[in-house]
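4 protein chains.
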Amino acid sequence: MAGIEYKVWEEKQIERGIDVEKVKKSIKEFKVETPSWGYGDSGTRFKVFKQIGMPRNIFEKLDDAAQVHKYTGICPTVAIHIPWDKTDDYEKVKDYAANLNLKIGAVNPNLFQEDEYKFGSVCNSDPKVRKKAVEHMLECVEIARKVDSKILSLWIADGTNYPGQGDFRARKHYLEESLKELYDALDDDMRMLIEYKTFEPAFYHTDIADWGMSYTFATKLGEKAQVLVDIGHHFQGANVEHIVAFLLDEGKIGGFHFNNRKYADDDLIVGSINPYELFLIFNELVSAEIDPSTRNTAKNIAYMIDQSHCIEPKVPAMIQSVLNVQTAYAKALLVDRDELKKAQENNDVMRAESIVRCAFETDVRPLLEKVREEMGLNPDPMKAYLESGYEEKKLERGYGQGW
Amino acid sequence: MAGIEYKVWEEKQIERGIDVEKVKKSIKEFKVETPSWGYGDSGTRFKVFKQIGMPRNIFEKLDDAAQVHKYTGICPTVAIHIPWDKTDDYEKVKDYAANLNLKIGAVNPNLFQEDEYKFGSVCNSDPKVRKKAVEHMLECVEIARKVDSKILSLWIADGTNYPGQGDFRARKHYLEESLKELYDALDDDMRMLIEYKTFEPAFYHTDIADWGMSYTFATKLGEKAQVLVDIGHHFQGANVEHIVAFLLDEGKIGGFHFNNRKYADDDLIVGSINPYELFLIFNELVSAEIDPSTRNTAKNIAYMIDQSHCIEPKVPAMIQSVLNVQTAYAKALLVDRDELKKAQENNDVMRAESIVRCAFETDVRPLLEKVREEMGLNPDPMKAYLESGYEEKKLERGYGQGW
Amino acid sequence: MAGIEYKVWEEKQIERGIDVEKVKKSIKEFKVETPSWGYGDSGTRFKVFKQIGMPRNIFEKLDDAAQVHKYTGICPTVAIHIPWDKTDDYEKVKDYAANLNLKIGAVNPNLFQEDEYKFGSVCNSDPKVRKKAVEHMLECVEIARKVDSKILSLWIADGTNYPGQGDFRARKHYLEESLKELYDALDDDMRMLIEYKTFEPAFYHTDIADWGMSYTFATKLGEKAQVLVDIGHHFQGANVEHIVAFLLDEGKIGGFHFNNRKYADDDLIVGSINPYELFLIFNELVSAEIDPSTRNTAKNIAYMIDQSHCIEPKVPAMIQSVLNVQTAYAKALLVDRDELKKAQENNDVMRAESIVRCAFETDVRPLLEKVREEMGLNPDPMKAYLESGYEEKKLERGYGQGW
Amino acid sequence: MAGIEYKVWEEKQIERGIDVEKVKKSIKEFKVETPSWGYGDSGTRFKVFKQIGMPRNIFEKLDDAAQVHKYTGICPTVAIHIPWDKTDDYEKVKDYAANLNLKIGAVNPNLFQEDEYKFGSVCNSDPKVRKKAVEHMLECVEIARKVDSKILSLWIADGTNYPGQGDFRARKHYLEESLKELYDALDDDMRMLIEYKTFEPAFYHTDIADWGMSYTFATKLGEKAQVLVDIGHHFQGANVEHIVAFLLDEGKIGGFHFNNRKYADDDLIVGSINPYELFLIFNELVSAEIDPSTRNTAKNIAYMIDQSHCIEPKVPAMIQSVLNVQTAYAKALLVDRDELKKAQENNDVMRAESIVRCAFETDVRPLLEKVREEMGLNPDPMKAYLESGYEEKKLERGYGQGW
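Quick mapping for you: the protein sequence lines, in order, are chains S, R, F and X.
Its first residue numbered 160, the first sequence is counted upward by one per residue in my numbering.
Its first residue numbered 160, the second sequence is counted upward by one per residue in my numbering.
Its first residue numbered 160, the third sequence is counted upward by one per residue in my numbering.
Its first residue numbered 160, the fourth sequence is counted upward by one per residue in my numbering.
If you're looking for bench data, these hints aren't it; they were derived computationally from the structure.
Please read all numbers here as calculations on a predicted model, not as lab measurements.
Check each hint, because a few of them may be wrong.
Since copy identity is lost for identical chains, a pair holds within one copy or between any two.
Simulated pairs of lysine-lysine, BS3-like, Cα-Cα distance not exceeding 25 Å [stated by the list, open to error]: (1) 305 / 290; (2) 542 / 500; (3) 552 / 277; (4) 305 / 501; (5) 552 / 229; (6) 277 / 501; (7) 339 / 379; (8) 171 / 291; (9) 411 / 379; (10) 277 / 183; (11) 287 / 245.
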């Protein structure tokens, strides 16, 4: 039955003029990075519901990440967070990962959990605090070298809670000085990705509040600096796919943090609240992959998941997110781009809208099952994982390391 | 000089037709309740910055609250939170408070921090969990009796994070059953105030999401149930003063949780981000105090502060909030209501707007200083507190009890 | 090929335990009302782009509506707007409609376009204006009787632009008096549906701002009054499906205005911006149709489209909206409700979310094509309409009647 | 009495260390431009309530603008909008203005009201439409030369209503080409100010959606291009004062469009909804005026009002806006900047917040009355205007020219 289903599906796409083999090839090449911190306990300011079986160290986090890669086949790298994943022996980490078919991905400095950072890290008016923050970022460059990572993922959580509390322009100068020090310390083949966020943990102002600020800093720094887009870090109503297209055109988007939200930065499972928005973002990314003027930028984007599962089992939640990202990407590959271009040039609104929506309405499960089979994977990764017994085995760990 | 300033100020108001003595009397009668939990550490999901000198128990929280009352003169009651303030001997608490010229105000059950509440408390599909939650609420009624409190302040933090996770209508039924049990347990002179919140800690849906839901439940329950308005629990763009006026007219507003926010439920110092909104809310409250059809409702509103100071010293932050509330109330008393009514009836938009705005633009500091002198208080409560040495003395406590 | 496609589709659903014949039956019974004003020119405050071929009167609007019904088969009624559709002879309108296989649906009074309504209609402080507004509503009841309509659809656009401009409580009283007059004039088998809207055309406050206000009025009036939900009339972040479920449970939802928006009340094609939200709303409606305690309410809901197409050809835009509504409904019928209930009761978050999402991910185009064939319709209504020559024929009308 | 009031006020400020003479000097030098279109009818998409006495041409608009300048003394320039203010003889306009003590300010091309612009102007896929739009902008440069204006104020209203409708990156390229043509046509002492807007009149995406896009274009074009900030063109929750400070630091803010809003782009009277936000913006502007590194940029900002009064009498509404802007500026001048800097450097949150808030709480009416007397103006501009008989005289015009 499944065989016929795919057959019917494939014929229909071929009829539409889609090069299904090319689509399958793209899906196979597509990768998503999972974050080490996504495997541990997390929660809200009101409560962290601790789960049994959480990883107690970076090695157990890698074990969990390896499960996600094992069943999805598209998550070969793991982002780490310093100091949460700090160890004495990064060779050991690298080897451990390698044995699991994993590599270390982006290195994330932590600039928000030291008591000294109460009023900011690199934007703090106190030069001693700024120095500490810069040194921590430089330490992360060192760690990146040790684990063969080429990406420093930078979330500056600095901001203020009240009007008057901080001098916006003075803080901007401190920030630029700090970023410059980091930039100069990067190897030529390294990149720093500058994240932005409208609010939280600071409530009145965030020093890097929107993509425009990340872009300004990245542009002034040079080619090794790019913008990182976290989907949940925008105001309600923002058109994220437009921002992505704009940055692609400027060659200044370097990475993604995937998650989803209903109102604030809820860090929910990717695509769980607004799957069409996720698809529309991938629609821009696929369009840019094809266009010679943006191809390089698009191909170098680091796709990363950044979530905070408060009530979900962590590994299944991560698998679901990865599958939802893959689904959105697969649907974006089915957009009939020649027809779309024609409709757009003719200002045929209804036709253009319809072409994009129809690709989204297509059920790509038969396709993805086929691709997984061809990759030697179980066509239903979630079921395969849940039946593997790993969830039960994890329980032996007892309670884990939170953040 | 200060004397002349007030003189000039007073003459000007008398010229405008304001009965200054009446205004002063109203200000003297106005009270605000502070929350025991507002004196301790709190933070965001990313970090709680612990401060030295935080209270270690309910008695030390009362000590701090007494300071706020001592310098502002308008905070004679303190809301408590169970189990945070749970003790074996509530007589002792009551006596301790009385010695500080304080009384216990609203009792707040906690329905969000037990591990069983991971998927909800009174809305949980598991009857055992609901039973536990109801019993906790009934325990709080008992405690209220012991501490002579007449108000149960109810924040149901229940909700879901994902589409499909919960059955909205089933959860509503569970909720209504639980509220009914609580309602029936109340003494005749007790009230339960039902809070609402658009989001957080649940992200996809909150079981009591807006005033309409609180109102529906309160109306179905009966006269002892009313709505509690927390200013920070609305969506961006909501006209809170309109909601307040609507509930006043329906006789269904029973309490306020004051705080302020820029985007989400930031729990910042009252009036620090949008002081005009705070004033406009008080404009409705003062208008309702005068109107015989709403006077009783208005006079029975429990004005309470509910904040979460992440980076501020707690007692000064609380004093500032109390002063800002008092300022907004004082300004609202200066609105020329006869002229306003005329302008409104004539649809004279510019004139009506101007009357309200002009009251807000009036600097009421000379008035409040005068009132404080007449109440035997220092005219500058913040300065007096900071110079009192209490902040330094508090440090002896070491680190406190967080939440 | 299409035959095989449906066959494969059907088998898969049957395997999942879905009663496909029942699903088909429900789809065939489902109806959506289109609005007469949706066939004419409309625009933004900046510009109305006039299109050639717009209807010049109610008869031509019915001609257009008949096309939508002809190709979709589910739009047998047309809402009218008075005075836009006012005529001397409603018998003639009724007959004209009947010849087109149409009936007149909801009657919509217009309380926002007379110069006297500058400062409000039924909430105006001027009793003469209120009287005029009430009389207009009563006139609409008369018209409803004449055209055999049982529904009065009430959008009160009243509000204020500035703090102080209006007396919230006085306006509420005026409003309640006016609604009472209307209510008392209704026949026993008539209903009045009270719409709400957060903002626009008034900017500071809207007299019926949210569902809670509509609900309060409807509840105080009695059984013939219910709430009308326009999806675009909420703040960003609102969980509309939760509101719908709440009102269903209270038996107080009577109608829907479908459209979509990105930020404000954009009145775009239904399901074009956030199709998952539309599906989740229908998920609640289908759930309520099955539940005996809510079935009656659910079955009596008037599903209506309310859009304002600024740049789209009108008939195709209406067809697309109708199809998107039908698609969302069909997908909601595919939710495995027994499994969902189990997962919800077990607090199995991942499973429950997955059940709902999977129904949405299902491509229902094969099903809808099949249903249309069984209804004697062209399986592709849009293509059939566009090839019918009607769009070209419409041009003969020249420019039409705007609003 | 008024004399004593000011005296007391002044002494208090001097005590605080404020250089009152300097403050008065700054207030006297401060200018705000009013827009010609702000004197005529406007409305919402639902209704334009036409008022009697509206200006019928540019000359009558200048008459009205002259009244605002006559009574406020700070509005010597008037922005014009082409083609609304198009005439055959700009010498005559200039002379007419000069006789009224006015000059022509910014020239605003109109790129949204021609039927050809239905799918965009400079971003339209049709090269003929883009050419027309560019030629219109170049025509405006010519007009600017004729009326001695040095500023082209550019609002590109282009955007799309649906996903897929437009090719974001292609449209961006069209836009950049068009802006370049305009830029190259500017004289060396001219500036083009690039406005941005999150949404409306297009609903899904706006081609220049936020400050980051304006900034990117302005930076790539060169020194004659800067960003124009319209306060109402941001998402809810945006920290506008932070954006302003950021752009000041980059030397890239060139102009302001003042107005206010509750939810969307309501174009209400400046400072009527959130006066504290307006003050905080001026707090940044005053801070930048003092700082040598930003002084030039700050001093060259064109302060302009851009409103759309739906229900207010136009001249009084404009006067009120101008007075509210002046009030916010005056309060910002009273911030104790030395003390603020100290508190900020010490991370004394409460103190820093208090310094800023206290300046806002100061009633500056005595100061402004004094300044007006010294400028030879009536201390109460609104009263003076209303008593002048001009409003009555305007009625003779009958109905005016809308837009």
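Name the hints, by number, that the structure is in violation of. Per hint list: 4, 8 and 10 violated.
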